[in-house]
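**Q** Read off the chains here:
2 protein chains.
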Amino acid sequence: MKNSLSQRTINRLTQYHTILRDYTKKDIKYITSSQISQLLHIDETQVRKDLKNINCKGKCNVGYNAKELKDIIENVLDYKIVKRAYVIGAGNLGIALSKYSKFSEFGLEIVALFDNDKSKINTMIGEKKIYSLQELGEQIKKTDIEIAILTIPNKVAQDVADFAVKSGIKYIWNFAPTIIKTPDNVKVWNENLIGSFLQFCAIENIC
Amino acid sequence: MKNSLSQRTINRLTQYHTILRDYTKKDIKYITSSQISQLLHIDETQVRKDLKNINCKGKCNVGYNAKELKDIIENVLDYKIVKRAYVIGAGNLGIALSKYSKFSEFGLEIVALFDNDKSKINTMIGEKKIYSLQELGEQIKKTDIEIAILTIPNKVAQDVADFAVKSGIKYIWNFAPTIIKTPDNVKVWNENLIGSFLQFCAIENIC
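Those protein sequence lines, which keep their order, are chains A and B.
Residue numbering for the first sequence follows this note's numbering, beginning at 1 and increasing consecutively.
Residue numbering for the second sequence follows this note's numbering, beginning at 1 and increasing consecutively.
It is worth saying that the hints were derived from the structure and are not from the lab.
Where is the CB? At the ideal position from N, CA and C, for every residue including glycine.
Heads up, a few of these hints could be off.
As the list claims (entries may be wrong) - Keeping only pairs whose Cα atoms sit at most 30 Å apart, straight-line, the calculated DSBU-like set for lysine-lysine is: (1) A/142 <-> A/170; (2) B/170 <-> A/99; (3) A/67 <-> A/52; (4) A/118 <-> B/99; (5) A/102 <-> A/129; (6) A/118 <-> A/67; (7) B/102 <-> A/128; (8) B/166 <-> A/25; (9) A/99 <-> B/120; (10) B/181 <-> A/99; (11) B/57 <-> A/181; (12) B/52 <-> B/67; (13) A/52 <-> B/102; (14) A/181 <-> B/170; (15) B/170 <-> A/25; (16) B/129 <-> A/118; (17) B/187 <-> B/99; (18) A/118 <-> B/120; (19) A/99 <-> B/155; (20) A/99 <-> A/120; (21) A/155 <-> B/170; (22) B/59 <-> B/29; (23) A/181 <-> B/59; (24) A/166 <-> B/25; (25) A/67 <-> B/155; (26) A/187 <-> B/25.
What the hints assert, rightly or not - Some chain A residues near chain B, calculated using beta-carbon distances under 8 Å: (27) 37; (28) 39; (29) 43; (30) 56; (31) 83; (32) 95; (33) 96; (34) 100; (35) 102; (36) 154; (37) 189; (38) 190; (39) 196; (40) 199.
Turn these sequences into a full structure, and let the hints steer you where they fit.
**A** See the structure below:
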């Protein structure tokens, strides 16, 4: 089903999920579309439409069962299928992403980090080891991990991406603010944080 | 003009801009819609439509002047209007964002950081000082900065957001993976990194 949902719908569903997780943690049983709408500043009709699309039915005057709705979204988005990945670049951003609780909760498991800095190699970030980048190919052979999260400076981004591809990486989530070239069989997703901020600016007329 | 563009268009324009910046740095004069399309894996017709929308005309068999196109996008998106912000939470993510070159290049200037950790207070991240969170209100009075980038753990997110609002913050870009409540006059943009990743998964059929 996930593949029939638009990107924007997937984005909204993950945000609904964040609220539902908070609600179920606090043992709040029901949630209304109006509450979701207010918390996320999304039109209520849109919320209802999204939930109807994934076959979720609310009760009149009560709302949706938060736990049920959370489970439905998890199923629809395959949250429970673990997707294992490596972080390449153990700088502040790489370390921050390795520790980002929401990733593991939602099925993205960062298994290890890679870096060229000798002072970092063989140290640990929590339970995750930082390996030498030279060991990437060897580790991929052992683990079959094909996803790399690239958190490296612009000036080395293309070289490191080339090396990662040569080592067996098939999917790159690129946080370096530059566009990297890869062969057609390697897919790249450019994270665009400044684009996200400018959308906020445009919507709220900040500038 | 920016306000008449859709969120997705703004997002694509910032990605085109990243390519154009790379091209102009390398002194490459022209770029074609087909080159942009291939680098970003976006349909070429879409690229041409976006550029036509912002009144950018290419030359037959030559393409677009990269420098001109870059300038047009900067004007359309108000890149050159500086938007000053504070980072609240000087952990790995806060530090990474403070150093993120693309922000300052594109008009988002992070002026200082705030944290409660005594060992961090009064230290510097490059040229940016880490202040005690208690000083936030005082600094806002001096600088009129109204944007806060929240990079703090979930469990303190609501308390710190309440404190920031009380201190005078009007816009919050929230990286904590939880939903925070604010009064109606304070606007929140929830950064949704896992949502972004799941879009990638859905498009590429990773899972």
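**Q** Determine for every hint whether it applies to the structure shown.
**A** Status of the hints after comparison with the structure:
Between residue 142 of chain A and residue 170 of chain A the alpha-carbon distance is near 15 Å, which keeps this suggested pair within the 30 Å criterion. For the proposed pair residue 170 of chain B and residue 99 of chain A, the alpha carbon gap of about 28 Å is at most 30 Å, so the pair holds. Of the supplied pair hints, the one linking residue 67 of chain A and residue 52 of chain A holds, its CA atoms being roughly 16 Å apart against a limit of 30 Å. Between residue 118 of chain A and residue 99 of chain B the CA atoms are separated by roughly 22 Å; this keeps the pair inside 30 Å, and the hint holds.
Simply put, residue 102 of chain A and residue 129 of chain A have alpha-carbon atoms about 20 Å apart, close enough for the 30 Å limit, and the pair holds. With a CA separation close to 46 Å, the supplied pair residue 118 of chain A and residue 67 of chain A exceeds the 30 Å bound. Distance hint between residue 102 of chain B and residue 128 of chain A is fulfilled; the C-alpha atoms sit about 28 Å from each other, no more than 30 Å. This hinted pair checks out: residue 166 of chain B and residue 25 of chain A have alpha carbons roughly 27 Å apart, not beyond 30 Å.
About 20 Å separates the Cα atoms of residue 99 of chain A and residue 120 of chain B, which keeps this hinted pair within 30 Å; it holds. The hinted pair formed by residue 181 of chain B and residue 99 of chain A meets the criterion: a straight-line CA distance of about 24 Å does not exceed 30 Å. As the CA atoms of residue 57 of chain B and residue 181 of chain A are separated by approximately 26 Å, the hinted pair is consistent with the 30 Å bound. Restraint check for residue 52 of chain B and residue 67 of chain B: satisfied, since their Cα atoms lie roughly 16 Å apart, inside the 30 Å limit.
Under the criterion of a C-alpha separation no larger than 30 Å, the hint pairing residue 52 of chain A with residue 102 of chain B is inconsistent with the structure, at around 39 Å. Distance hint between residue 181 of chain A and residue 170 of chain B is unfulfilled; the C-alpha atoms sit about 39 Å from each other, more than 30 Å. The suggested pairing of residue 170 of chain B with residue 25 of chain A holds, with an alpha-carbon distance near 29 Å, which does not exceed 30 Å. A C-alpha spacing of about 29 Å is found between residue 129 of chain B and residue 118 of chain A, which places the hinted pair at or below 30 Å, so the restraint holds.
Note on residue 187 of chain B and residue 99 of chain B: the hinted pairing holds, with a Cα-Cα distance of about 24 Å set against a maximum of 30 Å. In summary, the hint linking residue 118 of chain A to residue 120 of chain B is supported, as the alpha carbons are separated by about 25 Å, within the 30 Å threshold. Our distance criterion of 30 Å between C-alpha atoms is met by residue 99 of chain A and residue 155 of chain B, whose separation comes to about 15 Å. As the CA atoms of residue 99 of chain A and residue 120 of chain A are separated by approximately 16 Å, the hinted pair is consistent with the 30 Å bound.
Pair hint residue 155 of chain A plus residue 170 of chain B does not hold up; C-alpha atoms about 36 Å apart against a cutoff of 30 Å. Distance hint between residue 59 of chain B and residue 29 of chain B is fulfilled; the C-alpha atoms sit about 12 Å from each other, no more than 30 Å. The straight-line distance between the Cα atoms of residue 181 of chain A and residue 59 of chain B is roughly 25 Å, inside the 30 Å bound, and the hint therefore holds. Pair hint residue 166 of chain A plus residue 25 of chain B holds up; C-alpha atoms about 27 Å apart against a cutoff of 30 Å.
Restraint check for residue 67 of chain A and residue 155 of chain B: the C-alpha separation of about 21 Å stays at or below 30 Å, so the hint holds. Using a Cα cut-off of 30 Å, the hinted pair residue 187 of chain A and residue 25 of chain B holds, with the two alpha carbons roughly 25 Å apart. Using the Cβ-Cβ criterion of 8 Å, the hint placing residue 37 of chain A at the interface with chain B is not satisfied: the shortest such distance is roughly 12 Å. Because the beta carbon of residue 39 of chain A sits about 5 Å from the nearest beta carbon in chain B, less than 8 Å, this interface hint is met.
Restraint check, residue 43 of chain A versus chain B: the minimum CB separation of about 14 Å is more than 8 Å; hint violated. Of the supplied interface hints, the one on residue 56 of chain A is violated, with its beta-carbon coming no nearer than about 18 Å to a beta-carbon of chain B, more than 8 Å. Nearest Cβ of chain B to the Cβ of residue 83 of chain A: about 5 Å, under the 8 Å cut. The hint holds. Interface restraint check for residue 95 of chain A: the shortest CB-CB distance to chain B comes to about 5 Å, inside 8 Å, so the restraint holds.
With a cut of 8 Å, the hint placing residue 96 of chain A at the interface with chain B holds, because the nearest CB-to-CB distance is about 4 Å. A distance limit of 8 Å between C-beta atoms decides the matter here; for residue 100 of chain A the minimum to chain B is near 7 Å, and the interface restraint holds. For residue 102 of chain A, the interface hint holds, the least distance from its beta-carbon to any beta-carbon of chain B being 4 Å, beneath 8 Å. A cut of 8 Å between beta carbons decides the hint on residue 154 of chain A: the least distance to chain B is about 7 Å, and the hint holds.
At its closest, the beta carbon of residue 189 of chain A sits 4 Å from a beta carbon of chain B; the interface hint therefore holds under the 8 Å criterion. Given the 8 Å rule on beta carbons, the hint for residue 190 of chain A holds: about 6 Å separates it from the nearest Cβ of chain B. For residue 196 of chain A, the suggested interface contact is upheld, since its CB lies about 6 Å from the closest CB of chain B, less than 8 Å. The closest approach between the C-beta of residue 199 of chain A and any C-beta of chain B is roughly 5 Å, which is under the 8 Å cut-off, so the hint is satisfied.
In the structure shown, a violation is registered for the earlier hints numbered 6, 13, 14, 21, 27, 29, 30, in ascending order.
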